[in-house]
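K.L.:
One-letter residues, chain by chain:
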Amino acid sequence: MGNPIVEFKDVVKEYGQGEGKQTAVNHVDFSIEEGEFVVILGQSGAGKSTVLNMLGGMDTPTSGMVMVDGLEVSAMNDKKLSDYRAEKIGFIFQFYNLIPSLTAYENVALTKSIVNDALDPMDMLNRVGLGNHAKKFPSQMSGGEQQRVSIARALAKNPKIILGDEPTGALDSETGVKVLELLVDMSHNYGNTVIVVTHNADIAKCADKVIRMKNGKIREIKLNDAPIPVEEVEW
Amino acid sequence: MLLRKMFREMRGNLGQFISVMVLSFLATFIYAGFESNVVGSRKAVENFHRETNCADAWIYSEGFKKENLDEVRKLDFVKDAQFRTEIRGTTVDYDGAQLDIYLMDESIILKPYLYKGKEGALDRLKESKSVEFDSEDENGVWLNWSFANEWNISVGDKIKLEYSGVKFERIVRGLIMEPEYEYTKAEKDSDINFKTLAYVYMSYKAFPIREYAQNLVKSGKIDVEKLKDSDELIPYSTMLVTFTDDAKETAAEKIKAEKSSISEAMYYESQISDAIDKNYAVMIDKDSVIGIKRITDELSQHDTFSYAFAFIFLVVAILVISTTMSRLVERQRTQIGTMNALGMKRGKVAVHYMSYSFLVSFVGSLAGLIAGPKVIGKLIISMVMEWYIIPDVSAGSNVLFYVVAAVVVVVCVLSSYVSCRKLLNVPPAAALRPAAPKKAKRILAERLPFWDKLSFSTQYNMRDVSRAPLRAVMGIVGTAVGTVLVIYAFGCYILVDDVVDWNFEKLQNYGYQMALSDDKKVEYFDELCDEVDGEMIMTDQIELAKKPNAPSMEKRKQTITVIEGKGLQNITDEKTNITSMVPGKVAISSRLAKEMGVEVGDKIYWHIYSKNDWYMSEVGLINRSPETAGITILRKDFEKTGCEYVPSFIITKKNIMKYDDREGVSGVYDMEKIKKAFVDGYEVIKYLFYMMMLFSIITVVVVLYNSGNLSFHERLKEFATLKVMGLSTKKIRRILNQENIWFAVLGIIVGSPFGKPSLTAMMNSNGDNFDYYINVPMYLYILSGVFILVVAVAVSMLFSRKIKKLDMVETLKGLE
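Chains as they are written, first to last, in numbering that gives the first Met the number 0: chain A, 0 to 234; chain B, 0 to 815.
Any given hint might turn out to be false.
[Stated by the list, open to error] Stretches of chain A that chain B covers, calculated by requiring three or more beta carbons in the stretch to come under 8 Å of a beta carbon on chain B: (1) 52-66; (2) 83-93; (3) 204-210.
No lab work stands behind these hints: they were computed from the structure. Small disclaimer: the values here were computed from a predicted structure and weren't measured. Every residue, glycine too, gets a C-beta built ideally from N, C-alpha and C.
Chain A with its partners taken away, still in its complex shape (with noise of 0.2 Å):
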């Protein structure tokens, strides 16, 4: 494990305004190391997921810091915020969100055009074992698949951190799991710092830090001594 790469400090986040105000996030105070596998767990409405927007440039604190990796998050405008994910982030979405005009290939080539030291698309694909699907377009392919590509996409840009926001929650258990192996995989393996929001506790017991969220407010932080291996995780 090594320095805190993320930090939320006192964030506080709220939508609407006078009496239908409704605050999302409740002065949350967390850090997560370099390298880490961390699950943030909560169920619907607790906030998770707009703490991992905040954390990755897509949405600002209504008060409070979020710093990532020394830099200021909470302080960037849009273009600064559009570098930044283009540099430090990788997203992977529930639904995958791959552009079904492109191949495999080409949604994981596409961060050619974002980043100039993208990695080797094939080299991505080969990673997540999908070497032989570059050519097939994402309706040709299982949700499994598709999670992997996304993945790969993720993984293409070198990013610091990787953000997975339920990327398991459309998959069946045995999908989920070759998905998840992968993700530990990046974490454990590679240095990347994985962060995973999912309302699903089996996940969180293979990961190193476990944040749990109920009505905006961290309920506890919990570090994992001994992870269990992906493949022993029954959902």
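Position chain B relative to chain A; hints supplied.
P.N.:
Relative to chain A, chain B alone:
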């Protein structure tokens, strides 16, 4: 509840629904606008003809006998018949304006339409109290209202007239309008100028017969002995005939049965011919009277435009509504599934989605139906009436207006039904799940050797186009229509300068014109012509055919122009370059030649309207003139035929304005003034320019905005994903703009070839006389293309803000 849902969702897709509304509006607006002019004008023409008892046939002769009229009146298919004498003189005080004199001893056919004015009006002219024509009046004339209006002449004023060297003064008894002069221009003019053409109705008793006879004797044109027979001095030159309604119906049925193209009036020519012992030169119907036919042609042209424009905008509206509704319905997949799962019948769901397009197309069409006649109808009528004299014209309407508006609504509703039908057939359980992503497949362009070298945005957009072909078609067709309209607009704009240059720089190589009266011998005018270094021109109405003794339907009524070949009156070829006559042969105008199927080397047969003898000539040249159709012949060749040479003008470069008082000269004209009047008249065409530019901009903006909007919404999630991945707003904007620019460029390429033919068709559909050489130079195509591109880029810019403000979190949160 569903209504509330509809309004809320329409607010969310305001851009697209406004587009559909605008297009529905435009389709009916343009149709109703153009058509209200057609319906209103036709009705006014019909009323005008009915009130004046317009003739069905005009029969010309060198001189009818009184019994000819009785014989014709006896024919059972003839309702009425009347004689008159047509002679041409000039006015004395009004810049020598042309004067057409109609002498009558009764006025039962082509009765003058009286302009009575308003009682107590401050304007002297507007309070004029015209009285009915009186064949016993020895001192009065009935003058055309258009001329009186230009010169501020009112009832009771005295007017000086001149015919054949005889000057006389008469009192204006009435201001009149007459169907033969619905459209007309003075012989010397290139275009309408109400200041230069007067016509009067007058009794034979008001004609200065004594002075006229003395003048003829003095000039040696007539023998004193002939004076005994006044009928020969002022012969009845025209017989006007109307047919009974039954006769017209019978003729129509027989013509239909015989599959003939002859008119109802001409059907009775042989029987009339027998009744008057063939004592006539030519018989014509309304279609051969240019003054009447021109408005009929013009209204037919507007009729075509109203349907063509309505159709074009309807097609674009269908494309827009299809794509809009498809997208809306696809986005509502789970809602449709939910409604189905809740037990709502499929029909009700379909009606719900059809009601979107019904509402917008209904509102648009209704607004178009109301605004069209009030805006376009009024504008066109005021433009058209710059050229025509028809009383009481106002925008009209008929049941077809409502039918067309209903068609627009029904087509829009049907296209939205087609869009949602597919989804309604999906079982509710399946519809409740998000749709599978659209299937993508390899496209043809991927086989290109340089495919891999294309940028990401190019590859991405090419695939996107292959996934959404209808949107691409909409964008391209819409831009193509816009391009045609812009080329059309620019073409109209430069046409005015082209025609002016053609008429006044190429064809007319002179500065002054002298109108000649017919009271002097040719030798006198020859001397006068030499004196001013001029060239004599004769023009007259002729009838011509491709073969001798051709039936009526194969004869054409046109103009003969006799020139001396001195280079003052030029002749131009089909590309408007100055060329020369072929001695011994005639030139025939290109449009007439095409219609008659005549080529160089063919023979044609012709005769002067008022003369009975036919002549044969060989075609040596096909020439082109913007507004004069007919044949041109050299004087020496004309005289060889034996036909009487009666010069109409002398044209010269010398200033001859002081020759106004010379004997035999009925008027002198400065061509600069005529040119100015011509240019002023054509200024109206520039309104067309503005109208077309406006329609073009609306079409391009609506279509490209809609295409861009649809493209943006269809790829919203993709753009949000790209944004999350860190792709800059600028790059995403570039992707979106690139596609719209492609559509614009392809639309320009597709539309450009149609610009010139449509402009040519429109400009030449005004009547047989018109034969404009439409020149659309390359720079105009480039200018049009640039204009469309600028509009396209401007429309694309509208989306930049949307991409900048794209909420990634909201967009990616759910699928709906």
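K.L.:
Count the residues of the region 204-210 of chain A whose Cβ falls closer than 8 Å to any Cβ of chain B, and tell me whether that reaches three.
P.N.:
With 0 residues closer than 8 Å to chain B, the region 204-210 of chain A misses the three-residue bar; violated.
K.L.:
Using C-beta distances, would you say chain B covers the region 52-66 of chain A, given that this needs three or more residues below 8 Å?
P.N.:
Contact hint for the region 52-66 of chain A vs chain B: holds, 4 residues under 8 Å.
K.L.:
Three residues minimum, CB to CB under 8 Å: does the region 83-93 of chain A make the cut for coverage by chain B? Let me know.
P.N.:
holds (count 7)
In summary, the structure is inconsistent with hint 3 from the numbered list given earlier, while agreeing with all the others.
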